[in-house]
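Student: These are the residues of each chain, in order.
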Amino acid sequence: MTDTTQNGPMGGTPPEEKASGPMLAADGRPLKRSLNRALRRQKLRALALIAPLLIFVLVTFIAPIADMLFRSVENDIVSNTLPSTTAELKSWDHTTGQPPSEAVFEDFYFDMFAASEAKQHTRLGTRLNYEDTGVSSMFRSSGRKLDDLGKDYLKALKKIDKRWDDGAFVYSLMQGQGTPDTAVVDHSRTAIHKLTGAETAGDLGFAPSEAVAKLLPDMTRAYTDFAVYTGLVDGKDVAKEDPWESVYVGLVLDLQKADVSGYDGPGADLLKTTKADLGQIPVESLKDFFAKMDKKWIDPDIWATIQTYSPKYTSGYFLNAIDLQLTPDGIKQRDEDQQIYIMLFKRTLFMSLVITFSCIVLGYPVAWLLANLPAAKANLLMILVLLPFWTSLLVRTSAWKIMLQQQGVINDVLVWLGMVDDGHRLVMINNQFGTIVAMTHILLPFMILPLYSVMQGIPPSYLRAAKSLGATNWTAFWRVYFPQSVPGIGAGSILVFILAIGYYITPEIVGGTTGTFISNRIAYHISSSLNWGLGAALGAILLVIVLLLYWAYDRIVGIDNVKLG
Amino acid sequence: MAATSESEAFVAFERVQKSYDGEALVVKDLNLSMPKGEFLTMLGPSGSGKTTCLMMLAGFETATHGEIKLDGVSINNIPPHKRGIGMVFQNYALFPHMTVAENLSFPLEVRKMGKSDREAKIKRALDMVQMGAFAGRRPTQLSGGQQQRIALARALVFEPELVLMDEPLGALDKQLREHMQFEITRLAHDLGITTVYVTHDQTEALTMSDRVAVFNDGRIQQLAPPDILYEEPENSFVAQFIGENNTLEGTVKEITGPRSCTVQLDGGEIIAARPVNVSEPGQRTRVSIRPERVEMNKDRLQEGAHLLKAEVLEFIYMGDIFRTRLRVAGNNDFVVKTRNAPDQVRLKKGETVEIGWLPDDCRALDA
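In order, the protein sequence lines correspond to chains L and H. The opening residue of the first sequence carries number 13 in the numbering used here; numbering runs sequentially from there. The opening residue of the second sequence carries number 0 in the numbering used here; numbering runs sequentially from there.
The set of hints was computed from the structure by calculation and includes no laboratory data. All residues carry an ideal CB built from backbone N, CA and C; glycine is no exception. Careful: at least some of the hints might be erroneous.
[Said to hold, decoys possible] Not everything, but these chain L residues come out facing chain H in the computed CB check (under 8 Å):
hint	residue
1	Lys284
2	Ala477
3	Ser480
4	Thr484
5	Thr487
6	Trp490
7	Gln496
Please put together the full structure from these sequences, using the hints given.
Tutor: Written out as structure tokens, the structure reads:
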């Protein structure tokens, strides 16, 4: 028997095709280009139609997520707050067991002073506290006491000459004569900008002369920071303001080393007399100053931590998110009692799987009924399925709380029936069981709807055919109907699983301590502990897990087999 | 084969009734018996009850009343999978997630047949429909005609004695349909299987069947071999439904014998006819004449035959035949088919001719 399926007549072959080379349109241009041109308009129009949504999604969804995820590796707060310290600390070797050199403490003093003026030092303290508990309070209390040293110095300086207390005089001394050193100002502008985030371009009205900058480097640095901050961030007149106390600390430090005899700029005489009377000032090394404030400042561990977290980007948050820690000696396991995230990830995955499976078991028969009942009854059932969508999530979850709690409906009924002793009421809420029950209920429609749409597309004649071929009801279902409904199960499972894995409200309300998900921990870090970096890292890992599962699903089942409707 | 006694019937419907809603009967008092090896077609318009009958036989619908017997045993309470009836569905119902071979293997597997037996039977069934090379394909990779053959092979592979076919060729194009009609009848006769075939296509019914049961309004209107059905329809419905038919309405004037009567048409003309289901003068009747039995050449008619005046309304050249539409006794749709012979006159619109026919070809049926 020959197959009589007829091929249609060969499509009218255009004469151009016979010619060699690219096909040409009627006007002699290559056909491809003509086609592209014709299609471009259509494409642009189509793009214009989706543009509002695209922009909306980009601005409100993708950009914030990208920004949030970026925070999981971003770590420039350390180098922005302590720019000189981190640079100086690079050459320090933490394995010696010795605190860093006096030079580091000097840099640290000036960095900290500027930071505490800008009220940024506590933020850094909080950041470092994630890695080394207790740092936060050190930064906070030390920040308050930084003034003390400068005040002591100023008191002694005033005894030598009253002019040291005059802001205008110090201004003119720093301004000096001759070529201004703009590099120092630019450096300070950048540092203060990074520190505060404020705009520091614009006219400052101050620049130290090169001679002063060379003679009194620490004082110049402190004063320039002061000038930039006061003039550009606070918007005040630099010349009229009293300088920061750190300026005097810089002065004392500089005078110890500087040879002022050759200097002849404004205030040269004062510098010379002060240098001569330096002995009247109770000079204290900065290392001692910090040690006096808090013994831990000369503990090498704290410096090792600062050194470890100096780079602009860090893997620290991600390591924390999987119960590891980036220490100066490399990556280490966290202490046993601090390991929670791996356990939480495992629990989240496990419970999501259980919820997905429960949804399949409960949803499949309902979807089957929906697909096989007469239209009127199916519509009624559909409304019942969709009903949960029309009630608030919070209401539904709270209802479960009422149902499941120890004095709740189910326990009351069980006690009344005598199945449970009044003294031993079942604990069904604030644990995993409660979360699974409530979330299965809430996510059930997401399983039923794709299943229903797939089942609707399976003609009843398949089951009849199977039965006519001798299959029992069960065999017909299992071998013929079920395999065809698998795409629906796949689609529903993906939906439910991905929704479950990131669910927040329900576990928060009914989960207690043992039924919470990783998302609850993320929310805690975002809104309570404000450790956004860790929250972002946890979120990023969750996203990667979902993408991996999606990829695996695509490889095993094939995403083409998923039908959502 | 027309007359079959109850005792030797392989398939029998006995006073079967079916109602879906408890108010209207879809099948009214169905009696039918088929001998082994017969090819019987249930023909009828949609909603005539033919598919319901098939489904009751297959076991997917239960009879509201009456008994259905297979090989002398009542099967009313036997579930479909135990009836051992092969079935070909309208849209083939090939399982899309299985290959052709797996589809064919399915009925054998559920019968717990061994692997080697299965393979042999699958191969034989596929060769039978010339689809041996397609065992590894999925149904969606096959054309409509190929799917049709696989569906046929699947219904036959477990060697049922009775095969039911529910409009199996409905989705095929004309040429393929005609080819498959021939294939199916050949297979059915070669294998000696009993076949119940449901269709609404009368050509299919006439060309394929040993007997045709014409269904209308839940009843079998006539059960007869194709030639009898065409040439000797027992009522107006069958005459209208099978083939092309000219109808003239009138009143019985006189019954002149068991095979002859005269009818006065509503226009006053009197014609001779053969009484089929009219019994006394004064009854309203419809006389039915096949277009190819109308004669325009007086020489071929009996002497004294009644002639009617006819006006040509349309003349259509169809190659092998001419089809002429006439106005006869007030009927504007009176069609005459004439063979395209060299001496045949080609009529023109507006011409008036005289037509007549043999009284035997003119059947006086119910009104």
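Student: Less than 8 Å between beta-carbons is the criterion; does L:Ser480 satisfy it with respect to chain H?
Tutor: 4 Å, holds
Student: Verify the interface restraint on L:Ala477: the C-beta must sit less than 8 Å from at least one C-beta of chain H.
Tutor: Result: holds, 4 Å to nearest chain H Cβ.
Student: At a threshold of 8 Å, is the proposed contact between L:Thr487 and chain H supported by beta-carbon distances?
Tutor: 6 Å, holds
Student: Can we keep the L:Lys284 interface hint, with Cβ of chain H closer than 8 Å?
Tutor: With a minimum Cβ separation of about 98 Å from chain H (threshold 8 Å), the hint on L:Lys284 is violated.
Student: For the hint on L:Gln496, does the least C-beta distance to chain H fall short of 8 Å?
Tutor: Holds: closest Cβ of chain H sits about 6 Å from L:Gln496, inside 8 Å.
Student: Does L:Trp490 pass the interface hint, meaning its C-beta sits closer than 8 Å to a C-beta of chain H?
Tutor: 11 Å, violated
Student: Under 8 Å is the threshold here; is the Cβ of L:Thr484 close enough to any Cβ of chain H for the hint to stand?
Tutor: This interface hint holds because 6 Å falls under the 8 Å limit.
Violated hints, in rising order: 1 and 6; the structure is consistent with all others.
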